[in-house]
Amino acid sequence: MNIMELQNVQYTYDNKKKVLKGINAQMEQGKMYAILGPSGCGKTTLLSLLGGLDSPSSGKILYLGEDIAKTGLADHRRSHVAFIFQSYNLIDYLTPMENVALTSKLPSLPILEQLGLTKEEARRNVLKLSGGQQQRVAIARALASDAQIILADEPTGNLDEDTAAEIRAILKDSAHKSGKCVVIVTHSNDLAKEADVIFRLRKGELQASDRLDGISLKRQ
Amino acid sequence: MSLWKRACLYSMRKRGKTITLFMFLLIMATLMLICLSIRSAAEIANANIKKALLGYFTVNAKQLDSGITEDMLGQILAIDGLSGKYTLRSYSYANYFDAERNPLEINTGSVTQIPEKYANAGKLVANSNTESDSYFIDAGFELTEGIAITSEQKNVVLLHEKFAERNGLSVGDRMFLGDVSDKSRAISVQVAGLFTNTKEQEAMEITPMYDLYDNIVFTDPATASYLLYGTEGETSVQYGDFYVNDPDNLEQVMAQVQEIKGVEWDECILTRYAKDYQNAKTSLAGLQNIVFIAIAIVSIISFLVLVLFLTLRLRGRIHETGIYLAMGVSKCTVLMQYLAEVFLVAAVALLMSYGTSAAISNQIGSTLLSQVTTDTYETTDLTGVTETIKETLIDLGLSEIKVSVSGKDYLAIWLFGMALCLGSTALAAYPIMKMKPKNTLSQMS
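Residue numbers (numbering that gives the first Met the number 0), protein chains in the order written: chain E, 0 to 219; chain V, 0 to 444.
Quick caveat, the hints were computed from the structure, so don't treat them as lab data. Every residue, glycine too, gets a C-beta built ideally from N, C-alpha and C. Please note that a few of the clues may not be correct.
[What the hints assert, rightly or not] Label pairs and their calculated CB-CB ranges:
no. : chain 1 : residue 1 : chain 2 : residue 2 : range
1   : E       : Thr70     : V       : Met11     : 51 to 57 angstroms
2   : E       : Lys17     : V       : Leu303    : 42 to 48 angstroms
3   : E       : Ser38     : V       : Lys433    : 26 to 32 angstroms
4   : V       : Leu303    : E       : Gln206    : 51 to 57 angstroms
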């Protein structure tokens, strides 16, 4: 079943530049999607529209068949989606546990430990953690929420290769084991290779593909 | 996590910013409370001065054939705005005789030629209450024996100790007072008391003998009325001093007095005496104006500085705002959190401001008030006799005024402080709250 659907979504910047020109796409639960494209092509804008951070100039974005513009963007952000950013975007005066507690009423320590943080690290100020640890906290915050859709903007952009590989595995598990719909905007071929579906955004148009530079995508 | 918990965590962990805001709010609240306390104290001082320096007016009816009659007095006292306190006075000269009608000896001083009819005469002062007579208030007369004369007593006199000693008179003795121009008009009086003067009479050499302190005799208005106007059973006086409830209404009351019919007001002189109060009021009004201006300046500066401070603080939190919005926290809740942070700090600052302002305001306020009241005293002296400042302050009841933080002022500062925090936070947050979540996101990115 489609959890998200984009129907003829168009977006025009304030300077009248049309960045998205009638995008149609469907996304399912339990799958990981990668959105590729050159810088400035509108990938992050598309992610913002999916996450209800902005509204399309025209067209509809449906969550389980309902227009999110009608059900409310703030409600959509609160109930249906969780973001993971390249720069982690943690609240800097809270500990990892408190950051996770922002989106979840469940105990936050187990999920942080599951993602590789120790108890001591989970109680430390987030700014005193490494980049990889901070990104794990951000992922924990996204996973701890009830959101069925995880939107990640360059989640491994600031990480070393080993950590990036771990994060890739976590995101993949979120889709395939936890049944979430994971949408990732990335330049990383390694990350895109893990996706079930790749969307290429070129000149405002979105094309789905199951191949990446001649490499056949893995399927579960 | 609730917004209150987030607000508490922010306030505790961003200590530098919290302390800066706290210090600013504490200083602001302290300054405002000091100003309000001084204003309240000035209001109390004003009320005390009103009570202490009662305004009054004098009706001089010396030119009227019958003076101020009892009927005229009744009509004056019926006018609204009069406090009910009044003094009736008459001044004349009388010949003094003993009980056997033998002339009594007066102090002739350095006079060589004694005017005819005045060989045994002196100044006769009638007052409805000799204790409040200017001789006793300002000239240093003191009752040494017996009782003061009031309007309840009739046919009584107060004699100078020296005069009594010279003539062998003492309290309880009887004597006669005779009209200097009409020898047939004499009245028997009893000595009710003796007085003395604590200050030396000025220019004694040129003072007529009948005006020498030794020769002054105080009596009741009824006795003086008989000698002056020949009245029996009814009292007329030359002067009446009438005190008003509110010195600000003095002119109005005087105008009403002059509307009383059947009196030749052209022959009367009405004089107002409220300079003491007006001077005091002007001085206090000056202080109140300064305090009002100070309150206005502190309020405006506080608002501007707080808006600037919070604008800078919130500008650094666009990133954080974006994160909250991305998590689905509403703009209203984010704003409420920022407000809660300011309110938490403001509440502590306002609580502490009670102690700081109470300590400072009493010092500054007392100094300011005493300065104002000192100025007041120096400009309001009626007699020209300089008294010590301390005595005057006690007289006016101002030395007892404590400049302290009242519950009303404290409540006002809480309301004002919280309103200021609300307004400045809303104003500072407005540009951020106006932004689209995506723009906030791009700002934070």
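A quick look at each hint next to the structure:
{"no.": "1", "hint": "E:Thr70 with V:Met11: 51 to 57 angstroms", "verdict": "37 angstroms, violated"}
{"no.": "2", "hint": "E:Lys17 with V:Leu303: 42 to 48 angstroms", "verdict": "44 angstroms, holds"}
{"no.": "3", "hint": "E:Ser38 with V:Lys433: 26 to 32 angstroms", "verdict": "28 angstroms, holds"}
{"no.": "4", "hint": "V:Leu303 with E:Gln206: 51 to 57 angstroms", "verdict": "56 angstroms, holds"}
Checked against the numbered hints above, the structure violates only hint 1.
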